Amino acid sequence: MKKFIIYIILFTCLILVSIYLILLKADGYSDPYYLKFTTPRQNSLILGTSKAAQGIIPDVANKILGNDIYNYSFNMNISPFGPKYLESIKRKLSQKSHSGIFIVTVDCWSISCMGENPNDTTKFKENNSFIGQIKIVDQKPNLHYLLKYMFGNYYRIIFKSSDAVLHENGWFEVSINTDSVSVNRRTKSTLQEYKNFLSNYKYSQARFDYLVKTIEFLNKFGSVYLVRLPVSKGLMDIEHQCMPNFDYKIKQIADKTCGYLDLTPKNETFSYTDGVHLDKRSGKIVTEEIAQWIKNEK
Amino acid sequence: MLFNSIHFAIFLPIVFTLYWFVTNKNLNLQNILLLISSYFFYACWDWRFLFLLVFSTSLDYFTGIKIYDATTKRNKLFWLWLSICINLGFLGVFKYYNFFAESFTQGLHLLGINANLGSIKVILPVGISFYTFHGLSYVLDLYKNKIKPERNFVNYSVFVSFFPLLVAGPIERATHLLPQIVKKREFNYYTAVDGLRQILWGLFKKMVIADNCAIYANMIFNNQADYSGSTLVLGALFFTFQIYCDFSGYSDIAIGTARLLGIELLRNFAFPYFSRDIAEFWRRWHISLSSWFRDYLYIPLGGSRGGTWMKVRNTFIIFIVSGFWHGANWTFIVWGALNALYFLPLLLTDRNRIHLQTVAQGRLIPNLKELLAMIVTFSLTVLAWIFFRSQNLEHAINYISGIFSSNLFSMPYFLGIKESAITVGFIIFLLIVEWIGREQQYAIKIASHWDKPLQWLFYYLIAMIIFLFGSPSQEFIYFQF
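Protein chains in written order, with my numbering: chain A, 1 to 298; chain B, 1 to 481.
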């Protein structure tokens, strides 16, 4: 028995140490969100869904604004406006500076909800996701995140994918084929997915109220800028169907911020990887445009 | 509490420590510990159904004694049927009522009669099919005077609800398990190491192969209309390995866990995908269920002793009942019937027991005839699994017709096909390891003959593969049965 116990302990220790050493290697290639919970608390943030996570490049904005803005956007399932995203923002914000810049991106999906009662905050799907559960957002390695929420298998920590990388500044860089055949195929399938959402998604007053609460909270620590990012024509049509009075709703709260920049009139000017997300080149142009607008508004 | 969860990784060492270090001096205490642990394990699923488990256990315990003590055959039969009816009654209500009600209503509709038997909203108690069969085997064996009743309620309860086998088997027999429960267990280093080794292999099969195959199998089966024939073949193959690794992985973990506690459970799988005909497949797949049906249904019905008609009838009965045991859906019944059709030619030509030995015994490579026989048997099994996996018969038929479409020979494509190559690699690894270890109780038992450093390296690599490539804990398929 003694020999058995000793061997078991030795083997378990060997495995645990190996696991720990592997987890230490986790980086922006391993998971699309991990680094957002390992980097220090920030003074300036970019908020929103995956459109913002991929489409707004902090380094580009920082050059123009002379700031150190961090992209704390996730995706429409994780970071629509609501209590959990707001709590997480509060954790990520250093709350020491009062001259931060906050780019809050909005679209109809981030103020909508699936389910019978879109205003029941206890039923919001992000409640059980990492955005609602991770209490420490600036710890490396963040074992809680890695052990419970890491996306996909752990082999990604060792065998790195070259398709996508999350940068230290929070920008999620996607490098996939942008030839017309690949883009068309992805656009067709993504837009179909969004069309399917139409029957399930409903406007959520509760989410809208949380957007207002988020703005009011951020106002205490700097200037808030509302932005609607450009999307493909196909998605624009779907978003119109989803919420025909979206602009009216957002304009109602624009006076709580330093301004609202709607880039959708320029939809046709930009390129997208799948009809939803800006490609890298367009992301750079859009970020420059947003930063320039903020600079002018300041 | 899943075997492949952190909760079980905490639970098992606690039970192990209490079992061998605290209660080891007193058998009664050790069995009480096993019973409490088993009930706790079960309550983690749904504590409400614990009452059903306790009731079912008590019923068979008391009827078992009554059967043994009854002085007349009539009385024995009365208690036996009471136990059978109540046990199967519960199974019928929880598992089959909605199926029969819906089928009956649909049948009446076809006759132009509008009626609705309604349905009941109840979740299936986990493991009910397994512990009901434990109990039934006990009372049936008592009736046949194969065993004497266990008069210690704790011992009997441990037999029914021993946590490693409680929710998905192997389906134990009182003749095999009860004597081990009433006897003092001694810790044996080699048995315990063997148990851990089998747990490790079970986790590899479940987490690395079954759970990864499930991702692709689910995607392809759930969107079957969108895929080419070649992709559908791939989907069926993924499911074939998913179901095998899921269930045999569970059995490996269960048997390994029991071994850690000094208890030997029945073998449940013996490398079924290396079978040379369907009869051999069924001697190697879910052995504890197949042998249960053989002993308590097929043989009492006359087995294969009667004329041709009786053989055909009994074969269909046993396979259809076996299919129906898996779930209340026509897909399982057709799956069973299809296997009966595969099996019948062998039975009628008296060729159902020609492959009793392991394939290519003592050789590394099979001969061409053996290889072809294995490929044909495997292909027939894959076809049958399509019915097993499909949501309904229409889905299964569409799936099969989708396979035989014009694009059967096109390159398969689905989202994530590149990543799936890793899973395919591990399936090949599994097949190689299982082939090499096919004459053992379980594949990697062969490692016990290696040098210590090589053994450690191998276990370390398997453990790291599980960590790196394993999917997050998902339920075992057989929990729903």
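There could be a bad hint or two in this list.
[Unchecked claim] A few chain B residues that don't get close to chain A, going by computed Cβ distances all over 10 Å:
id, residue
1, Asn26
2, Val154
3, Tyr189
[Claimed, not checked] A few chain B residues that face chain A, going by a derived Cβ cut-off under 8 Å, partial list only:
id, residue
4, Tyr19
5, Trp20
6, Gly112
7, Phe187
8, Met310
9, Phe458
10, Ala463
11, Met464
12, Phe467
13, Gly470
14, Ser471
Hints were generated in silico from the structure; no laboratory data involved.
All of these numbers come straight from a predicted model, not from anything done at the bench.
A virtual CB, placed ideally from N, CA and C, is assigned to each residue, including glycine.
_Under the constraints set out in the numbered hints, which ones does this structure not fulfil?_
Going through the list in order, the structure violates hints 3, 4, 6, 8, 9 and respects the others.
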